[in-house]
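Those sequence lines, one after another, are chains P and E.
Each step along the first sequence adds one to the number in our numbering, with nothing skipped, and position 21 is 21.
Each step along the second sequence adds one to the number in our numbering, with nothing skipped, and position 88 is 88.
Simulated from the structure, these hints should not be mistaken for lab results.
Treat the hints loosely; a few may be bogus.
Said to hold, decoys possible - The calculated label-pair distances, taken between Cβ atoms and stated as ranges, are:
no., chain 1, residue 1, chain 2, residue 2, range
1, P, Gly3, E, Glu58, 23 to 33 Å
2, P, Thr111, E, Ser110, 29 to 39 Å
3, E, Tyr51, P, Gly3, 18 to 28 Å
4, P, Ala38, E, Ser7, 14 to 24 Å
5, P, Pro62, E, Glu45, 24 to 34 Å
6, E, Asp39, P, Thr111, 14 to 24 Å
7, P, Phe69, E, Ser110, 44 to 54 Å
8, P, Phe60, E, Lys63, 18 to 28 Å
9, P, Pro8, E, Asp39, 12 to 22 Å
Stated by the list, open to error - Not everything, but these chain P residues come out facing chain E in the computed CB check (under 10 Å):
no., residue
10, Pro43
11, Phe64
12, Cys91
Glycine residues also receive a C-beta, built at the ideal position from the N, C-alpha and C atoms.
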Amino acid sequence: ETGVTQSPTHLIKTRGQQVTLRCSSQSGHNTVSWYQQALGQGPQFIFQYYREEENGRGNFPPRFSGLQFPNYSSELNVNALELDDSALYLCASSLGLNTGELFFGEGSRLTVL
Amino acid sequence: EDQVTQSPEALRLQEGESSSLNCSYTVSGLRGLFWYRQDPGKGPEFLFTLYSAGEEKEKERLKATLTKKESFLHITAPKPEDSATYLCAVQARQAGTALIFGKGTTLSVSS
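Pulled out of the complex, with its shape left as it was, chain P reads as follows (with noise of 0.2 Å):
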């Protein structure tokens, strides 16, 4: 059974450019969350994605979006990026909707400069 993966693993961007993470959910799990770990914060909650549909989203402007793909994989897309969307995110898959049981992947660490 596979865990959850993303990539990159880290990457350097400059401010007003577009990064897409990428994830890949564990095997037989149809959610998806993304999620922003700024250094010494918790996670916070960007959006869900359930078969195929946003399924509820954080207080993150639309230039942070999203896609789930017919195998539960997902993206996430963020455009005009600024100096605060340094951060770790996160994505989590799970078996179904509004479990707090999430498996993680281990984060693509992104630096806006």
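Could you slot chain E onto chain P? The hints should help.
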């Protein structure tokens, strides 16, 4: 506003020295409270789910308890491998599926 506060921010223990981590929460209808462990450079790892006041869960040297306003993570006779950041999160009935995390408690256990 739903929120989670964890204390202390950092805790240093000697191997075998038991202690407790605190998680205070305010939420409009608790669906569940969750404890996670996060090692440096890794994603959080699920530990426990608690649903109602009075509930307790145990796993090896860890025991989680829940009251109407807070949760405790008790660590009995810790070992150096228990060193990590412990995150508490709540799920509110009116907030959908999102987890609201605290900032965590960083535990260091020395031999």
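Handout entry: Supplied distance hint 14 to 24 Å, evaluated on CB atoms of Asp39/E and Thr111/P
Key = With Cβ atoms ~21 Å apart, the hint holds.
Practice task
Given the hint of 18 to 28 Å, check if Phe60/P and Lys63/E actually sit that far apart at their C-beta atoms.
Solution key: Roughly 35 Å apart at Cβ, these two residues miss the hinted range, so it is violated.
Handout entry: Interface hint status, Cys91/P versus chain E (Cβ within 10 Å)
Key = holds (8 Å)
Exercise for the section: Go ahead and decide if the range 14 to 24 Å is satisfied by the Cβ distance of Ala38/P to Ser7/E. Expected result: holds (20 Å)
Exercise for the section: With respect to the beta-carbon atoms only, verify the hint that Gly3/P and Glu58/E lie 23 to 33 Å apart. Expected result: For Glu58/E against Gly3/P, whose Cβ atoms are near 25 Å apart, the range 23 to 33 Å holds.
Exercise for the section: Return holds or violated for the Cβ distance of Phe69/P and Ser110/E against the range 44 to 54 Å. Expected result: Between Phe69/P and Ser110/E, where Cβ atoms are some 46 Å apart, the hint holds.
Handout entry: Verdict for Pro62/P, Glu45/E (Cβ pair) under range 24 to 34 Å
Key = holds (32 Å)
Handout entry: Assessment of proposed distance window 12 to 22 Å (beta carbons of Pro8/P, Asp39/E)
Key = Given a distance of about 20 Å, which is inside 12 to 22 Å, the answer is holds.
Practice task
Confirm or reject the claim that Thr111/P and Ser110/E have a C-beta distance inside 29 to 39 Å.
Solution key: holds (32 Å)
Practice task
For the hint on Phe64/P, just tell me whether its beta-carbon gets within less than 10 Å of chain E.
Solution key: violated (14 Å)
Problem - Hinted contact Pro43/P with chain E - closest CB pair below 10 Å - result: holds (5 Å)
Exercise for the section: Indicate whether the distance between the beta carbons of Tyr51/E and Gly3/P respects the range 18 to 28 Å. Expected result: Hint holds: Cβ distance 26 Å, inside 18 to 28 Å.
Violation of the numbered hints given earlier is confined to hints 8, 11; the remaining hints are satisfied by the structure.
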